[in-house]
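Please build the complex by placing chains B and C on the supplied structure of chain A, with the hints as guidance.
For reference, the chains in residue letters:
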Amino acid sequence: MKTIILRTASTYLLPVLLLFSIFILLRGHYSPGGGFVGGLIASIAWVLHAFAKGLENTKGLIRIHPGFLMPVGLALAFLSGIAPIVAFDMPFMTGLWYPEHLPILGSLGSALFFDTGVYLVVVGVTLTIIFTITESA
Amino acid sequence: MTQQIVLYPLLLQLLLSIVLMFCWRKISWQRVISIVGGVINIAVSAWLFYHIWENGTQIVQAGNWKAPFGIIFVGDTLSATLVLLTALSGVAVSTFSSASVVAARLKFGYFPIFHFLLLGLNGAFLTGDIFNLYVWFEIIIISSFVLITLGGEKAQLEGAVKYFTLNILASMIFLTAIAVLYGLTGSLNMADLSMKVAAIENRGLVEITAILFLIAFGIKAAVFPLYFWLPDSYHTPPSAVSAIFGGLLTKVGVYALIRVFTLIFVGDLFLQNILLAMAVLTLISGGLGALVQNNLRKVFSYLIICHIGYMIAGLGLFTKLAISGTIFYLIHDIIVKTNLFMVSGLAYRIRGTNSMRALGGLYAEYPKISLLIAIPLFSLVGIPPLSGFWPKLSLISAGFTAERWWVVGAIVFASLITLIIIAKVWAAIVWKDKTDFPKRLNFRYFAKLKLVRKTQMIAPVVFLSLVSLYIGFGAEHIQQVSVRVANELMDNQQYIDAVYNNNPKLNR
Amino acid sequence: MEVILAILIGVLYAAGIYMILRRSLVKLILGIIILGNGANLLIFLLGRIVKGSPPIIPGDSEVFESIYADPVPQALILTAIVISFGLQSFAIILIKRAYKVVKTDDLDEMNAIDKDS
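Protein chains in written order, with my numbering: chain A, 1 to 137; chain B, 1 to 508; chain C, 1 to 117.
This is chain A alone, in the form it adopts within the complex (with noise of 0.2 Å):
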C-alpha cells in the first residue's frame, strides 16, 4: 500500500476520523452510535494509517501500547457503574445526571462516563488484535 495518494490522505485522514469517533461516542446516548461504533472508528482510523505508513510510524504516533487502554477503559466504566452505589446507595449502574446542560456535551451523566470507558476498551482490545496479527504475519 505505498500509493502516495493514499499515504497523504492518511495524514488529513487521521484527526478528521478521530474526531468524528468522538463525534459519534458524544451523540450515542439517543441517536445512533455510542462507545462501540466511536472506539471502532477511532481504531479504523489508526489501523488505515498503518496501512499507509507502515505498523512502526503508527506504534511511535501512539506511544503507549495500545493494550494498556484495555485496564484503564475497565476502570472508567466499572467506577461509573459503582459511583450510584458509593454516593446515592442506588441500585448497580443507576444512571445519574448533572441536571443543566451544558455546550456541545448536552446532559452529562454516568452513562458518559461509561461509554467513554468503553470506547478506550474497544480501542484497546481492537489496536491489539490487529496489531499482533500484523506483527505475527
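Everything labelled a hint here was simulated from the structure, so no lab data went into it.
All values derive from a computational prediction rather than experimental measurement.
Some hints could be false.
To be verified - Restraint ranges, calculated between C-beta atoms of paired labels, are given here:
hint	chain 1	residue 1	chain 2	residue 2	range
1	C	Ile81	A	Arg63	27 to 33 Å
2	C	Val82	B	Phe270	34 to 40 Å
3	C	Ile81	B	Leu466	42 to 48 Å
C-beta atoms are modelled at their ideal positions from N, C-alpha and C, and glycine is treated no differently.
This is chains B and C only, laid out in the frame that chain A set:
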C-alpha cells in the same frame, strides 16, 4: 450497604482483574493480589451466603430498571452456595497456580484472565435474566479459551480447537434457543418467563425450545452424547487450569440445567425421561471411559463426566429428595474435583509425568502427601463418612421411591466403577514401587522447589481436603442447605415473588 | 419479508453446519461465523418485523404516539455481534497458531492428544 450485597462478589472480581491488568508485568505482585483478593472474596461470599440464609432471596435491579424490563440479579440459596464454593476453590487454585504455573505463562496475563473467569462464574450463578446468562457464559468461555491455550504447546492447541468448536456451537444453540423463547413470550426475565411459558398453549414449540436449551447446556455440562470434547481437552493445559475447569466449568452447565428445568420448563414427563436416560448413559459411559485410561488427568476427566450423571439423575427424578441429593452432590463435587486435579498437578511436579505406569513409590518418599491425597480420592468414591456418600444415599433412596430401578442400578454401577478406578489410581501412584522413569532435564521437580513454593502447592490441597472432610463429617449442615435449596427450587413461586416484590403492580 | 428471512436463516444455518463439518480449520471458522449470523437474524426475525418509529416517547407526551419497533432484539443482536467479534478474532489467531505448530490444516491429522502418555 446490604441492599446491593448480591453484586459484591461480582464487583470484587471485576475490581481484582482491573487491578491485576494494571500490574501486567509484575508477576510477584499479581501472585499476592490474587491470593489476598481470593481470601477477601471468601469473606464477601460467606457474608452474602449468611445474609441470604437469614433473610431469604435477595435481588438487585441493575440500573434501577424495574423487573421484568431491566436486567435483574437474584441471589437465592443455590446461587449463594455456588458463589461461596467458587470463592473457596478460586482461592485454592490461585494459590496453587502461583507455584505450579511457570512464569512464562503467568507473564501473558494468567491472573487477570483467571479472575475474569471467576467473574463470569459468579455472574452466571447470580443473574436472573436468560440473555444475561448467555453473556456470562461467553465471558466464561472466552476466559477459558485463553487459559487453555496459554503456553501454546502442540497438544494444548489441538485440545483447544476441539474445546473451542464445541463450546461455540453450544453458545450458538443457546442463542437460538433464546431467540425462539423471546419470539414465544417476548420476555427475557427468568421469573417472567416462568409464568409466561406455563401459559403458552402450543406445547410442541415449548418442548422444542426446552430441547434446544438441553442440548446447549448439555454440551457445557458434558452429558452423555455431547461430552466428547472434554476428555480431549481437559488434560492439556497446566493442572491449575484443569483444576478450575474440572471443578467449576461443567458445573455451570449443570447449574443452568437445574435453573432452567426447575423454573422455566417444569413438570414435563417427556423431558424428565430424556434427562434420566442421558444421566444413566453418562454414568455408565463416563465410568467405562475412565477405566481404560492411563493418563491420570484423563482418568479424572472421564470421572467428571461420570459424576455429572449423578446430578442429572437427581434432576430427572425431580422429587424434593432427589433435588437435594443433586445439590449435595454439586457441593461435594466442586470441591473434590478441583482438589483431584491439583493432586494430579502435584504428582506431575514430583515425578515429571502423569502416566500411571510411570508414576509410583509416592508412599515411600512422601508418606504425608500420600495420606493427604487419600482424602480427596476416597471422598470421591464416597466411603462413609466421607463426603461422596451422603448425596448418593439421597439419590438412591429417591430412585427407589420413584421406582426407577435402572437409575438406581446405574448409580450403584457407577459408584462401583469409581471405587475400582480409585483403587487402581491409589495402587499405581502410591503403593507401587518407584519406576525407572528417566529424569527430565531442566524440569523443576518438587524436591528442588523453594519452601514457599512447596507450601503454595500443598496448602490449597490441605485446605480443600479440610473442606471436603467438613462436608463429610458435617453432612447435617450441608443436608440442611441442600434441603432448603430443593424446597426453593421445587416451589418456584417464591423466586417469582422475590423478583416482583419491588413492583407490586406487576405481581400477577 | 418474513418468508424470505426465514428461508435465508435456514440457508445460513445449513451452510454454517455444513462448513463446521468439513475437515479444514479455515472452513470451520467460516462455518462458525455464518452460523452466528444466522442466529442473529433469527433473533431479529422472532422479535417481529414492524415498520415503525424508534421507541422513544416524545418529551411532551406520556405514552407512545405511533407504532414502535421492539428495541430489545436489536440490543440482543448488538451484544451477540460484539461477543462474536471477540470470539472470531480469537479463533483466527488460534487456528493460525495451531497451523504453525501442528503444520496442518486438516482436523483428522490433529491426533497428538490421542496418543497414550
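Now the hints, each set against the structure:
{"no.": "1", "hint": "C/Ile81 x A/Arg63: 27 to 33 Å", "result": "holds (31 Å)"}
{"no.": "2", "hint": "C/Val82 x B/Phe270: 34 to 40 Å", "result": "holds (37 Å)"}
{"no.": "3", "hint": "C/Ile81 x B/Leu466: 42 to 48 Å", "result": "holds (46 Å)"}
No hint from the list above goes unmet by this structure.
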